[in-house]
Amino acid sequence: MSTVVDRPVTVTEVDGGGDPPKARERRRWGLTIVGSIVALIFLFPYLIMLIGAFKTRPEILRVPPTYLPQEWAPSNFLTMWDTPETPLPANLLSTVVISLCGTALALLAALPAAYYTARHNFRLKLPFLLLVLITQMLQPTVLASGLFREFITLEINDTWLTMILVNAAFNLSFAVWIMHSFFASVPKEIEEAAWLDGCSRGQSLTRIMLPLVWPGIVTAVIFTFIACWNEFAASLILLPTDTNQPLTVALTRFIGQYESAWQYVFAVSLIGIVPVVALFALIEKHLVSGLTAGGVK
Amino acid sequence: MATVTFDGASRYYAGNDKPAVDQLDLEVEDGEFLVLVGPSGCGKSTTLRMLAGLEGVDEGAVRIGERDVTNLPPKDRDIAMVFQNYALYPHMTVADNIGFHLKIKKMPKAERAERVLEAAKLLDLEPYLERKPAKLSGGQRQRVAMGRAIVRRPQVFCMDEPLSNLDAKLRVQTRTQIASLQRRLGVTTIYVTHDQVEAMTMGDRVAVLKDGLLQQCDTPIGLFGRPKNLFVAGFIGSPAMNLIPATVNGDGAVIGGQPIGLTPAQREALTSPNVVVGVRPEGWTLKPAGEGIGAMVEVVEELGSDQFLYCSTSAELTAADASEAADESEAPHTITVRAPGMSAFQRGEKVGLVPQPGAVHLFDAETGDRLPD
Ligand SMILES: Nc1ncnc2c1ncn2[C@@H]1O[C@H](COP(=O)(O)OP(=O)(O)OP(=O)(O)O)[C@@H](O)[C@H]1O
Ligand SMILES: [Mg+2]
Chain V
541 MSTVVDRPVT
551 VTEVDGGGDP
561 PKARERRRWG
571 LTIVGSIVAL
581 IFLFPYLIML
591 IGAFKTRPEI
601 LRVPPTYLPQ
611 EWAPSNFLTM
621 WDTPETPLPA
631 NLLSTVVISL
641 CGTALALLAA
651 LPAAYYTARH
661 NFRLKLPFLL
671 LVLITQMLQP
681 TVLASGLFRE
691 FITLEINDTW
701 LTMILVNAAF
711 NLSFAVWIMH
721 SFFASVPKEI
731 EEAAWLDGCS
741 RGQSLTRIML
751 PLVWPGIVTA
761 VIFTFIACWN
771 EFAASLILLP
781 TDTNQPLTVA
791 LTRFIGQYES
801 AWQYVFAVSL
811 IGIVPVVALF
821 ALIEKHLVSG
831 LTAGGVK
Chain Y
778 MATVTFDGAS
788 RYYAGNDKPA
798 VDQLDLEVED
808 GEFLVLVGPS
818 GCGKSTTLRM
828 LAGLEGVDEG
838 AVRIGERDVT
848 NLPPKDRDIA
858 MVFQNYALYP
868 HMTVADNIGF
878 HLKIKKMPKA
888 ERAERVLEAA
898 KLLDLEPYLE
908 RKPAKLSGGQ
918 RQRVAMGRAI
928 VRRPQVFCMD
938 EPLSNLDAKL
948 RVQTRTQIAS
958 LQRRLGVTTI
968 YVTHDQVEAM
978 TMGDRVAVLK
988 DGLLQQCDTP
998 IGLFGRPKNL
1008 FVAGFIGSPA
1018 MNLIPATVNG
1028 DGAVIGGQPI
1038 GLTPAQREAL
1048 TSPNVVVGVR
1058 PEGWTLKPAG
1068 EGIGAMVEVV
1078 EELGSDQFLY
1088 CSTSAELTAA
1098 DASEAADESE
1108 APHTITVRAP
1118 GMSAFQRGEK
1128 VGLVPQPGAV
1138 HLFDAETGDR
1148 LPD
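Chains V and Y are the protein sequences, given in the same order.
So for the first sequence, the numbering used here puts the first residue at 541; every next one is plus one.
So for the second sequence, the numbering used here puts the first residue at 778; every next one is plus one.
Among the hints, a few may not be true.
What the hints assert, rightly or not - BS3-like, lysine-lysine: derived pairs with alpha carbons at most 27 Å apart:
1. V:LYS825 with Y:LYS909
2. Y:LYS1005 with Y:LYS987
3. Y:LYS882 with Y:LYS852
4. V:LYS665 with Y:LYS795
5. Y:LYS795 with V:LYS728
6. V:LYS728 with Y:LYS912
What the hints assert, rightly or not - Here's a subset of chain Y near chain V, in silico, CB distances under 7 Å, partners left out:
7. PRO851
8. PHE860
9. ASN862
10. ALA864
11. LEU879
12. LYS883
13. ASN1051
Claimed, not checked - Sample of chain Y residues facing chain V (criterion: CB under 8 Å; computed from the structure):
14. LYS852
15. ILE856
16. TYR863
17. THR870
18. PHE877
19. LYS882
20. MET884
21. PRO885
22. MET1119
23. PHE1122
These are computed hints drawn from the structure, not numbers from a lab.
Here a beta-carbon is modelled for each residue, glycine too, at the ideal position from N, C-alpha and C.
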């Protein structure tokens, strides 16, 4: 959490303050260059994806490969919606519905749990929190076959609901822990002051607690949403019908045994990450720490 | 405005057999400034929180005026509280902090702003109304916390060590401000502190707590002049009262070979020959060596206005000077004595100590209770 909200370490903090100016200048340049190279290495796959999405099918398979498309093919973004491999509009809808509902459900369950564990002491509090943490360690893949059986018994197999439940469950622990720490960081006297000021429990929650733990909620929402959006393994097993499958699974259908539609793989990947990046950019400014500063002492 | 009554109120915390507040009976009058004082962990905060409804009452009852509030949620008790850590709402401006209660009570905006301004003026907070608490100094935060309380005109003020985070000078200033503000507003106030000077200077009455048990509740003068037991005697007054164990014989309680007389009623009340003689530092008359209890000055503490002498007594000192056999078994004592400021006492000087008439407090060493006067 703190890596998200903390400000980045600046160059001046990294280099030694005591060095002579010339050495410091050299060092700063060196750091900038090294940083740029590292960034480039990280960004390269995204660049390939971006460029590949605009290449025609023959060009993308050409040996030797081209860097920039010789013939730009934005039509990939239109034709991909209607391909024999997968019903992409349905897949996109699947991803959106599953991610939104999964996030909402996780949040709905995690918020009260986080508040309660942060404010109240009960006998099995630590075991409870550790249990929550342990669920984080089990991969959905490990449990997929068990879940598959379970959903058949419940007669909800091969529906969005299964993946909404699975996604919510697997992200619950992270959401609980993040928000627990945020709730715990608000001194309980602040809430008590609100009660004495005439607030009901609900009012003190909405008017005092929520604004103060807002960064924690936003963090939990972003990470849960991204995890739901990117989930692959469990969806692959639990959703056999192609119209129910999310984008992540649909993507694999473009890679066939005999031929692969790489231009679609890239184009679909692109529309798959754009909403997530946009969400992050929109919400990032809410991720400020230190909202509770000044309330006590 | 209202009275506050604790009626055998007890509070047991989970996992603790001993109550944090034990059968508290306390009656606070309308408009009174009552100070709760006692060492750390004695249950002061718990008492206050029981009154505010933040802590359950396991036995007994709490009443505000005629209203039994034992099971009422905090929001319905009409109590304003100043927390030890101020507990300001960090995301609101000073004005919003002060006006929050009025906002919850749906007071019209104009009237609310007027009330907030009035409170802010009273506390010199006007320039800071639009600031967030993070940008205030400790003293300003303290005043915002006060402002949040006084803007409400509640039935009862609860204050839990509101001055403990301020520096010494500001604390003295604010102490008088709070006391005079309370007199002006006339709101029944319960004020918690562990600083006995605060307790003595601010309270109409002071209640001394120890281990959850009420020791004594009296006016500052009463507490100072007639402490009910050894604990109160030692706790109230600075420097502390000299508490000297002594054994009673036919002449009285013997200290340093000198008897201090007991009344027949006092002898009657004794449960054993062991008593504790209490004399405050200002209750001694300093005599030349040879008179009274013989003592040697060990440390001289010069405060300018006063001088405190830390003297050690021993049977030999008295015996050598009085040239008669004293009880050799008596252990030496350290006695604090107040002398006028700028006196010429030296370390190592031999002096005689005589308790002033009326300055002697006698306690039963076994029960700790005060012997009848
Ligand atoms: N939430 C709690 N759970 C268990 N025990 C508690 C709790 N709060 C307080 N206690 C215990 O109850 C006793 C009284 O605590 P309280 O906070 O009332 O003391 P206090 O007189 O206010 O002390 P201080 O001057 O240090 O603030 C203490 O022994 C404390 O350990
Ligand atoms: Mg306390």
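Looking back at the numbered hints, which does the structure fail to meet, lowest number first? 11, 12, 13, 17, 20, 21, 22 and 23
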